[in-house]
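Read top to bottom, the protein sequences are chains A and B. For what it's worth, this note's numbering labels the leading residue of the first sequence as 7, then goes sequentially. For what it's worth, this note's numbering labels the leading residue of the second sequence as 26, then goes sequentially.
No false leads were mixed into what you were given.
Partial list, computed: chain B residues near chain A (C-beta under 7 angstroms): (1) 70; (2) 80; (3) 86; (4) 233; (5) 234.
The hints are simulated quantities; they were obtained by calculation from the structure and are not laboratory data. Bear in mind the structure is a predicted one, so any value in this text is a computation, not a measurement. The beta-carbon is built from N, C-alpha and C at its ideal position, and this holds for glycine as well.
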Amino acid sequence: MIDIGRLRPTLRRIRAHVARVGLLLITAVCALGAEPAVAREAPHFPARAGLDLAREAALSWATDARLVYVENDEPLDSTGTAERWAYLFHSPSLDRLRGYSVRDGKIVVAENLEMKLEAPPVALEWIDSEAALAAAEDEAEEFREKHAGHLSAMLLMRGPFLEQDPDETTWTLVYTAKGQPSLFVVVEATGGRVRRTWRG
Amino acid sequence: MIVRGTRSISLAACLWLAAACAPPPAAAAPTEVQVERVRPAKTKRPTLTFLKANRAFIRARFDLLRQRPGAAGGDAQAFDPRFLTYGDMLARTLAAKDSTTAADDAWRRRQLLASITELGDLESRLEQMERLLSEQRGRLGVLQADFTGRQETALMVLVSGWPGDAAAVTGVSIVLEDGDTLSVALSPEQRESLRQGGIVQVAHTFVEPREQVLEIGLAGPAGDTAFLTLEPARDRLTLLRLDLSAVGSGRGAAGIRASTWLHEAGIDPTDG
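Input sequences plus hints: build the corresponding full structure.
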């Protein structure tokens, strides 16, 4: 015969212990859940702000490294800044490409790009991503409003999207919308003039 | 005798290096760096996603920019023999010009010495040369400021400590994350200096200013590797010291005691 009255204090202790362990588990889960949120927070910056650091790293990789391509690595905001930008360099002597991804004033990714890309170096002077976006916004307004489109990528390079003027360094802004062909807006990276738009 | 002298100089140099590279007592305290047996895992972040996703399209666009041979035929045609004589005529013309220039110079020199009034002109020329020299000194100052005054991101690796003869280390290799490998064999003189408490510099190289994992390899009877994570400061010289004295205690390369600090002293570009 089990005496329930004598067991009751023991059961209470076990219940309290279980409650404490549960509380600890919830705290731990909250802490684990909160950590990536803190890690995600980093200041947005325009493309040019990370270039010096990336170039310095590229020159330690190859003294003849030349910037050939820039792309946002994280979503862009409405002013043309992003949390992370990627800078791709080409070394003619090594015949290799190496990219650096800059976030919060630090290089967080450095990797060789194993692909053949005969990209010419971009011009030394180019307008920053904020100015390029401001220049393109009028062209993209209708697409954004009509199709609930948004800016998904900004690419800086020289040549490929402006056949009639292949020496021009340009920003190409890619707007996307669900179920719609993307809108490409090509902006002169020296003067800030829209040179071309197309859907595809 | 000469060999002994060289060895003494080498030992002295290593011991001097030990003193020179020792971190300043207060300015830059060394920071311990954790040495691990396995390569630390790093968070993988996607990069250049648009380029990678559309690589065929973008490559095709760049390919359109390349020059292609036209449709015109490339048949060889007969060469006009007169063209061959033009080069010879040009060489003779230049030779004649050299002769007249030399005669003209000689005549000018005689005129200069003959005329006392032209000494004033000589003086002005001397002043002009002095001015040119002064400008050149200024340009050299700019070059010196650029190339000796501005430190680029660099890493110097120093080795100290001796693990004992049973675990003698005959060489050290460092593999950087960008794939560069620096391998240095330790000469008998360098090993002797390590035994006596000296420090040996095994690498001095430019590095990317970012957090990176270095693979340290020890050559010797019990060759082994270990990993450490380092973030060289931008535009600074980072010194990394690998103390091998605990390597012989059975821990292998993971027994390396690593510490790092920044080189504080700069170079005065106006000096000299």
